[in-house]
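Residue numbers (numbering that gives the first Met the number 0), protein chains in the order written: chain A, 0 to 401; chain B, 0 to 401; chain C, 0 to 124; chain D, 0 to 124.
Please note: incorrect hints may appear among the correct ones.
[Claimed, not checked] Pairs of lysine-lysine, DSS-like flavour, derived with a Cα cap of 25 Å:
1) C:Lys86 with C:Lys74
2) A:Lys91 with B:Lys91
3) B:Lys112 with A:Lys113
4) B:Lys391 with D:Lys53
5) B:Lys91 with B:Lys112
6) C:Lys41 with C:Lys86
7) C:Lys53 with A:Lys391
8) A:Lys44 with A:Lys263
9) A:Lys254 with A:Lys63
10) B:Lys91 with A:Lys112
11) B:Lys63 with B:Lys91
12) B:Lys44 with C:Lys4
13) A:Lys63 with A:Lys44
14) B:Lys89 with B:Lys113
15) D:Lys53 with D:Lys87
16) B:Lys44 with A:Lys91
17) B:Lys391 with A:Lys113
18) A:Lys44 with D:Lys4
19) A:Lys276 with A:Lys263
20) A:Lys374 with A:Lys263
21) B:Lys89 with A:Lys113
22) A:Lys112 with B:Lys113
23) B:Lys44 with B:Lys20
24) B:Lys44 with B:Lys276
25) A:Lys89 with B:Lys113
26) B:Lys231 with A:Lys113
Keep in mind that the hints were calculated from the coordinates and are not lab data. Keep in mind the model is a prediction, meaning the values are calculated, not measured.
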Amino acid sequence: MQSDIFLDNAATTRTDAAVVKAMFPWLEQNFGSPATLYWLGTQAKEAVEEARQQLAELIGAEAKDIFFTSGATEANNWAIKGVAEALADKGKNIITNGAEHHSILKPLSYLEKKGWEVTYLPVDSGGLVDPDAVAAAIRPDTVLITTVHANHEIGTIQPIAEIGRIARERKVAFHVNAAQTVGHIPVDVDLLGADLLSVSGHKFYGPKGVGALYVRRGTRIMPLFHGGSQEKKRRAGTHNVPGIVGMGEAARIAKREMNDEAAKLTNLRDHVFDWAKENIDDIRINGHRSQRLPNNVNFSLEGIEGESIMLSLSYPTVPEARRVYISTGSACVSGSLEPSHILLALGMPAELAHGSVRITMAKGDTQADLDYALKAIAAVAERLREMSPVYKKTRKQEMHGA
Amino acid sequence: MQSDIFLDNAATTRTDAAVVKAMFPWLEQNFGSPATLYWLGTQAKEAVEEARQQLAELIGAEAKDIFFTSGATEANNWAIKGVAEALADKGKNIITNGAEHHSILKPLSYLEKKGWEVTYLPVDSGGLVDPDAVAAAIRPDTVLITTVHANHEIGTIQPIAEIGRIARERKVAFHVNAAQTVGHIPVDVDLLGADLLSVSGHKFYGPKGVGALYVRRGTRIMPLFHGGSQEKKRRAGTHNVPGIVGMGEAARIAKREMNDEAAKLTNLRDHVFDWAKENIDDIRINGHRSQRLPNNVNFSLEGIEGESIMLSLSYPTVPEARRVYISTGSACVSGSLEPSHILLALGMPAELAHGSVRITMAKGDTQADLDYALKAIAAVAERLREMSPVYKKTRKQEMHGA
Amino acid sequence: MYSEKVMDHFQNPRNMGEVENPDGVGEVGNPQCGDVMRITIKVDETEDRIEDVKFKTLGCGAAIATSSMVTELAKGKRLDEAEEISKKVVADALGGLPPQKMHCSNLASDGLRKAIEDYRSRHGN
Amino acid sequence: MYSEKVMDHFQNPRNMGEVENPDGVGEVGNPQCGDVMRITIKVDETEDRIEDVKFKTLGCGAAIATSSMVTELAKGKRLDEAEEISKKVVADALGGLPPQKMHCSNLASDGLRKAIEDYRSRHGN
Ligand SMILES: Cc1ncc(COP(=O)(O)O)c(C=O)c1O
Ligand SMILES: Cc1ncc(COP(=O)(O)O)c(C=O)c1O
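The whole structure should be built from the sequences, with the hints applied where relevant.
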């Protein structure tokens, strides 16, 4: 049997073999807590500090400004609630947009219930936030702007540096959710003008359950975890040493491999779009053509629902077929009755959002893998369209977005 | 060279080899996210649900009431802030005691700054909370009682079931921080009367960076992590699959081995106390004699400071000596200028708290290991007392506490 | 997430397609919600029995599997019997459905009833 | 946490003990804070030089190491030179100290100065 083709790397990535190897000694053998002062503890502390340095080098930060968390969800919750609370006396307005990840939007709606006012800027049909709109939205009581670096669904890369400049000029704290970009495309906290930046280990071949929040020196923020004096008393809790070491190793590898990976995947991505447009009827490309993550492909197939595409690909009926894993913005997988709020924020009709297919590639993927997956998708589309009571072949093609 | 003797298992434990083995497949091979519906994801989901079941069986809970977290610090912060917020309209009083872990006390002082009132009950010289005092402290606006199951410093086991009964009767939510007990002594959420109970994976031979909060059905609590719909929307964030699976395996092993471990360590503990009293001058036993964790030994040595004991043991000057790792309540290791607030809460003078030695054993420890460690401690004590300008030998012995 | 039976009916749907010259047609759902089902039936008038039944479905795995199952359950049944096929009957026959799928994607029995209604309205009873 | 030099002085403290019939004694710190240092000196009166110096210390690793280092630095120095041995001089000689240890456990130079003061007060200068 041939191996599976995993094309859902925006959800999570395979932990790199080198990362697993780096983690291993810190589980059973060197299991000390960095908070302890004896030899076993200082070993662990050194390992954690080395990982901090490795991550710092990947994002152009100073190591002392990096605080380890359990993932980007924690980092985002901490950034938003922590800054909101620390600056509550200055004002209660926060600026974001409607196409953010739930780990941004849900903490914000929590704050709304507690009296904060959130400004949700629109995005254009390609998913871009307009920096001028950000500038225009800033009010005297605005204390935080939060913008994703690249969208997890459609891969659109936001004009972060421009927004960062505006934030700096207007003296508003700026948070960037870089869960999808760190380790994949260049991230430099200074060039981006980020005061806070969220990182997720498992999105760049590191382990699950670990992440980080970069907090620029001088940024006021309240802790989310109160307790022991770990992380300079800003994030309590015994360090997840193997996880942190793993993420550090992933950062080290990414710094070395990232640019080649991005170049290769950009080619592969464009090949996938070309093939799909050529060979699949009634397809719409979603997201931005160029301001886009190298590994992200997203299109909608008319007359089909995404979960059935995903399931057909992942449970193929032909015995020797390779399993193909993709994702979709269909309501059936969103955990709610609504399709992806990101796709709807682009102005896409719900039926197209239900029929969206997201392919997010990993560094090891080859064109042969992608070609196999594309043919499988085309075949599944044909089969499901035969089954569809609403699909009428028109052979039209559209680019949804810029 | 002979192996180290690690006697700081209240800080963290060695990840069991079987746990590491159980985690391994979920790093590189089966790296899917349980939130995804394709085959790789459903595999991960099944593994997470099995772990939930394993933990549930260890603590007498229903699996559906268990929510995975990044550790006990998160669980404690979540329990305290989450219940306080959810019940803010009912009242703003919370009852605790002065000998709690920082991950309880610090979230509480954070709430105090925001208008909550916290009642800190005293503990007796053995570290026990008086259930009658809890009953007497309950006010109409009391919404939460939080009590540690066993203290991490002196091992005192609180009369949780009695406090739980009172809380149930008076309809006040009851949170138990069981970070030190789960997997070591019997914990049953129903017998304890706990509405919420915190668990830490790395305290019972599981991995660091994973824990859980038990939330009894019907208990009102606000999430700490808002975002994706993981954990029934109560705790967002991609699951730490290897960590969770590892903690599940640790729970499974603990259920099998715990009782034998406890019996063996209780004997060893009493042997250590006996030997120390017999062979070391001017020693005071700290904590409760019987209501005590099987693996916990704590005593104070007059005229010495704990960090220098700890360092001497962990960096022995004799080349072939085994490193011995212990902990101390001295200010020098607390990360502040104060000695352990737990020891002070017992009414102990600061100088004795500075000279405290905590030995916390693990299941694999043998009497030979402990005897070695004890002799090393006695030798270090003698050497440091020679160096001490205040120590005057009196050969007195005292039991501090009940 | 799905039972083996659901996956079987999803992967190998029974009675997919459209009955030629159907005696009754029932369409339920709405593309904006992601689910549309179209049930077509052929009725043996003398026996008041469903001679043939087919489905076409746009929707998730559960939508397709329930559609397939409904046609299997309905085929050969008398119309009054077929009308008794409820969501629960379909879900049980599939070995259960995830809770969130019980209501949103389990519309096929409604589609069947609509097809029977359509048949009756056309045949004046 | 501690430099190698600190660990060396902690593990192998120099000049531990009490000078017999000391010419000056300086005690600083307080057991409640966890640190007490007692410096005893023997002074060569003709040269105004520290002939011998010893310490006894209750305290953490840094307290012991700084005590040991102070005695090394002081031995043989003229009293006015010895008085110049500041906390910073001691910490630097040890290859640095963790920030939180700089103030709380680095009292040995104060102890030395106190011992010199004591000597001077006894000898009327
Ligand atoms: C853009 C974005 N932000 C945040 C997250 C949450 O990250 P984590 O899984 O580390 O909590 C994700 C992934 O789930 C993401 O894609
Ligand atoms: C009693 C107690 N509560 C909470 C914690 C915190 O646990 P964790 O390290 O999992 O955050 C610890 C250990 O540090 C503890 O001993």
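Point to revise | Holds or violated: Lys86 of chain C to Lys74 of chain C, with C-alpha atoms at most 25 Å apart | key: Satisfied, since the Cα-Cα distance of roughly 16 Å is no more than 25 Å.
Review point. Is the straight-line distance between the alpha-carbon of Lys91 of chain A and that of Lys91 of chain B 25 Å or less?
Key: Holds, at roughly 24 Å.
Check your understanding: Given the hint that Lys41 of chain C pairs with Lys86 of chain C, does the C-alpha gap stay at or below 25 Å?
Key -> Judged against 25 Å, a Cα distance of about 22 Å means the pair holds.
**Study point:** Given pair status - Lys4 of chain D, Lys44 of chain A, alpha carbons within 25 Å
**Key:** Holds: Lys44 of chain A and Lys4 of chain D sit about 19 Å apart, inside 25 Å.
Point to revise | Given pair status - Lys113 of chain A, Lys391 of chain B, alpha carbons within 25 Å | key: Since the Cα atoms of Lys391 of chain B and Lys113 of chain A sit roughly 60 Å apart, the hinted pair is violated (cutoff 25 Å).
Check your understanding: Regarding the pair Lys374 of chain A and Lys263 of chain A, is the alpha-carbon distance no greater than 25 Å?
Key -> 21 Å, holds
Review point. Given the proposed pairing of Lys391 of chain B with Lys53 of chain D, does the C-alpha separation stay at or below 25 Å?
Key: 19 Å, holds
Point to revise | Given hint Lys113 of chain B paired with Lys89 of chain A - CA-CA distance at most 25 Å | key: 17 Å, holds
Point to revise | Distance restraint between Lys89 of chain B and Lys113 of chain A, which requires alpha-carbon spacing of 25 Å or less | key: 17 Å, holds
Exercise for review: Quickly compare the C-alpha distance for Lys63 of chain A and Lys44 of chain A to 25 Å and report which way the hint goes.
Suggested key: 14 Å, holds
Point to revise | Given hint Lys113 of chain B paired with Lys89 of chain B - CA-CA distance at most 25 Å | key: Since the Cα atoms of Lys89 of chain B and Lys113 of chain B sit roughly 16 Å apart, the hinted pair holds (cutoff 25 Å).
Check your understanding: Holds or violated: Lys91 of chain B with Lys112 of chain A, Cα cutoff 25 Å?
Key -> 19 Å, holds
Taken one by one, the earlier hints fail for this structure at numbers 8, 11, 16, 17, 24, listed in ascending order.
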